[in-house]
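Line by line, the protein sequences give chains P and D.
Taking numbering that gives the first Met the number 0, I'd label the letters of the first sequence as residues 0 to 458.
Taking numbering that gives the first Met the number 0, I'd label the letters of the second sequence as residues 0 to 458.
Be a bit skeptical, because a hint or two may be false.
One copy or any two copies: either way a pair holds, since identical chains are not told apart in the list.
[What the hints assert, rightly or not] Lysine to any residue pairs mimicking SDA-like chemistry, simulated, CA-CA at most 20 angstroms apart:
{"id": "1", "residue 1": "Lys354", "residue 2": "Gly276"}
{"id": "2", "residue 1": "Lys354", "residue 2": "Asp210"}
{"id": "3", "residue 1": "Lys203", "residue 2": "Arg359"}
{"id": "4", "residue 1": "Lys12", "residue 2": "Val60"}
{"id": "5", "residue 1": "Lys203", "residue 2": "Ser321"}
Hints in this document: simulated from the structure, not taken from any laboratory.
2 protein chains.
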Amino acid sequence: MSSIAEYLEENAKRFESELCELLRIPSVSAESAHKGDVAQAADWMKNRFESLGFEAELLQVGEGHPIVYAESPPVEGAPTVLVYGHYDVQPPDPLDLWISPPFEPTVRNGSLFARGATDDKGQMLTHFFSAQAWLEVRDRLPVNLKYVIEGEEEVGSGSLETLLEESPERLECDCIVVSDTSQFAPGQPSITYGLRGIVAFELKLTGPNTDLHSGTFGGAVTNPANALAKMIASLADEGGRVTIPGFYDDILPMSEAEQNQLALLPFEEKQFFASVGVEDAFGESGFTTLERRTSRPTLDINGITSGYQGEGTKTIIPSWASAKITCRLVPEQDPVKIGEALQEMLDEACPPGIKLELDRGHASQGVVVPLESPYIEAAASAIEYAFGRSPVFTREGGSIPIIAAMHRKLGADVLLVGWGQNDDNLHAPNEKFNLVDFHRGIKASARLWRELSKIDLEG
Amino acid sequence: MSSIAEYLEENAKRFESELCELLRIPSVSAESAHKGDVAQAADWMKNRFESLGFEAELLQVGEGHPIVYAESPPVEGAPTVLVYGHYDVQPPDPLDLWISPPFEPTVRNGSLFARGATDDKGQMLTHFFSAQAWLEVRDRLPVNLKYVIEGEEEVGSGSLETLLEESPERLECDCIVVSDTSQFAPGQPSITYGLRGIVAFELKLTGPNTDLHSGTFGGAVTNPANALAKMIASLADEGGRVTIPGFYDDILPMSEAEQNQLALLPFEEKQFFASVGVEDAFGESGFTTLERRTSRPTLDINGITSGYQGEGTKTIIPSWASAKITCRLVPEQDPVKIGEALQEMLDEACPPGIKLELDRGHASQGVVVPLESPYIEAAASAIEYAFGRSPVFTREGGSIPIIAAMHRKLGADVLLVGWGQNDDNLHAPNEKFNLVDFHRGIKASARLWRELSKIDLEG
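Take the sequences, apply the hints, and build the full model.
Printed below as a string of structure tokens:
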């Protein structure tokens, strides 16, 4: 393996310069003015894969941005690894806050500044350069590699969702590798082994057919705003537990190994809350803040709208009231089952004179990869080799629906190995990627292919 | 008295034409462009009072529109009656919905159409023409009359509130007469013997110093929107009773006479609810819809604002949530005491990580005049004489803060004797006043002076 390490050192500048090539293409998927740039970035990726001798193609789904799909030549008996990434980027606005222009990559203090540097062009390419290293040094790869690099991650992954639904066999694999998250802290790499799912609802209560005078009608009709408050309030008890029947029934409890890992994580609770101006923690009783944020489900009101919202007073009974609700879910909670239980619960609670509508929005299930998985072991070993420190294992409180969908549909473990830092300014001006992390990422990826190749697929 | 009745008949056209004079002055108090018109209407009124030999003046409070104040020559030993009314009108918009122009009074189907016809120029002037009749037929009045005709009723009665606070002695009286409400139904006159009071609050809960990502923070911090819903929900029980401690303690129960009167009122409950698209009644248990609307206090949410209100989903924990709340009050509930109890209750319920602000807005107490009051008896008798039918006795669910303030400050019974109809289009296009009602109103007013003169002030 030493020759691969040498190769990576010798070619470090070349990797940086190739990354800069891609960063110069303003592949902003959300803006139709950049449609050509998005296509150019896809072409660039396809060409790079072809330069390795991979079968590469652009998959066009409907009117969407193309998905770059590539496969390495077959390696008999070895696991198949699906690398997921995206070549599209967030819009760069507000432009005047950038120190150097977003599409002119610039190095300052050891970091490369550009839109997409860490999210996700820089991180994604580490898995390309690692394959290139194997091929140039060893003439062969130790595993089968499939790449699915989409151009719509920042706008909802519509094309990839369709592909996954219609042709899941193309994406068949033993594990999925993704670098689109961050390390736990500077110098402390991590493996994200869990993501929360999500289910969104919109609840609307309609009472009278118009706002009513609260003098003439007050006391005699159900006020939709009062009723909405009562319904929302009934969704959680005093201990912060969600009261939707069966809500907690299907949850996979944390394993002992998970509990032990969680206990190892450095977490400054006071500082965490102080950073957002919150004085006291609150959440489901019986769980720590870290557990509540990552491994327990939630029910949050994201918005409420009813009646008069201007200055002063308007003495009305509002005609209607609505609330936006999202639950973060953990494995194996089922958004459909929860939606049905919520509907039933609210229907029962609906007071006289009120018409209730509950719409379910987007939904995705939670993901958790068992810490005992050999894929996790392989990733941990590769990261320790490249970063000089063993990773911590974390679950994310957020949701990445396309990852959850691939995990479910393909029945494969997901390895979320993030090389970025929490302060890399994703989706903000002055996005950056530390070059040391970039090169460690390539090194870890190259080692990961070796570690994964050792896994006994029959075992 | 027959000669007064004859006089009224003979002068009917003159009364109508004088009312039209006043209606032609567009005294819209809300619009500064009409400031001169408002002043002209005040002058017109003052001149009319002077033509009766009354002491009349324009009281100017600060920058406000003038109050027309007039006093009849003293009548020794007779009660003093304060007539309240207003010469300002609502803006006439939308103009294109008027069949005839708002400030060109036009008779159609026996009704006079113009802005202010019923609210309040037409109703108010009945009490002027009745005095004129007494003076021209009998050369004297049977009671002392004071008139306070303000020009700011449609914009909050600021000047009159100040006058009442600073010089209540000017307004000293034995009873207050107001015609600024409606009859119960066509052909069924009424005396409004009660008004609800009101107290307004704005509750704001602030959590984190910015909207938070519901994935990263969900479950670990108190969500202000969830907390607001819980607080609002706690303000009423399942039976629709307000749970603010002491809320019901000071309520004057309805007298047996009131109960009996209420039972006499024709009320089509189904039709009432159908007209606003509400299928079922709901309110404080143990009371009828009519009681709930008029004689029982309420707590209504008038508006709620929190977080994301646009289309679709935004997965945030909102930084803050607020609600506008008004309670309708009945005698002798005290808005200050209720505000303090509410503050204490909410402070106790405030969850960790939330800052609570409760602002009290405007407040006025409820009014109820005992049905046994000799003033009520006098008014009932006068109305029966003029309308050929005895009035029903009703309490209004709404609030007229300036009336409540005069009632409290002056310690005088209020006689709300409305000559209008419920479909007179107050505050709407095509406002009208039935001319038969106008003339009956003058006749009732003239009779009222006589009936009131019989009251033994020492008794």
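Results for each hint:
1. Lys354 with Gly276: between (38 angstroms within a copy, 11 angstroms between copies)
2. Lys354 with Asp210: Within one copy only: 15 angstroms inside a chain, 30 angstroms across chains, cut-off 20 angstroms.
3. Lys203 with Arg359: The answer is within: 12 angstroms in one copy meets 20 angstroms, while 29 angstroms across copies does not.
4. Lys12 with Val60: Neither way: lysine 12 and valine 60 sit 36 angstroms apart in one copy and 82 angstroms across, limit 20 angstroms.
5. Lys203 with Ser321: So lysine 203 and serine 321 pass the 20 angstroms test inside a copy (4 angstroms) and across (18 angstroms) alike.
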